[in-house]
Amino acid sequence: CAAKTASSSSVVEHHPNSYWEQTFSQPYFDNTTKRETTTTVGQSAYLYCRVRNLGDRA
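Just so we're aligned: the sequence shown equals residues 523 to 580 in our numbering.
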């Protein structure tokens, strides 16, 4: 990040400077996972999610 001053206000611009900060390499949630869950009141409900593009960060 680099801070710039423009007409008495502070502006912060972010420039990816490492491989992991680039958009194409960011992890994201896979939206194709099951969305409906049924449970009984007082019982635990397990919500499953899948994260894609983890690379070696798993």
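Honestly, I wouldn't trust all of these hints.
Okay, the calculated beta carbon distance ranges per label pair [as the list claims (entries may be wrong)]:
#, residue 1, residue 2, range
1, D578, F551, 13 to 23 Å
2, G577, T554, 14 to 24 Å
3, A567, S547, 31 to 41 Å
4, R579, T555, 11 to 21 Å
5, D578, E558, 30 to 40 Å
6, N553, G577, 27 to 37 Å
7, S547, C571, 30 to 40 Å
8, D578, D552, 25 to 35 Å
9, T555, G577, 14 to 24 Å
These are computed hints drawn from the structure, not numbers from a lab. Glycine included, C-beta positions come from ideal geometry on N, C-alpha and C.
Comparing the hints with the structure gives:
1. Against the hinted window of 13 to 23 Å, the Cβ-Cβ separation of D578 and F551 comes to about 19 Å, which satisfies the hint.
2. Look at G577 against T554: about 20 Å separates their beta carbons, and that is inside 14 to 24 Å.
3. Range check, A567 to S547: Cβ separation about 32 Å, and the 31 to 41 Å hint holds.
4. Distance hint for R579 and T555: a CB-CB separation of about 19 Å, consistent with the stated range 11 to 21 Å.
5. Restraint check, D578 to E558: a C-beta distance of roughly 33 Å satisfies the suggested window 30 to 40 Å.
6. Between N553 and G577 the beta carbon distance is about 20 Å. The supplied range of 27 to 37 Å is therefore violated.
7. Under the hint 30 to 40 Å, the C-beta atoms of S547 and C571, about 19 Å apart, miss the expected range.
8. Taking the beta carbon of each, D578 and D552 are about 18 Å apart, not inside 25 to 35 Å as hinted.
9. Between T555 and G577 the beta carbons are some 20 Å apart, a value that agrees with the proposed interval 14 to 24 Å.
Violation of the numbered hints given earlier is confined to hints 6, 7 and 8; the remaining hints are satisfied by the structure.
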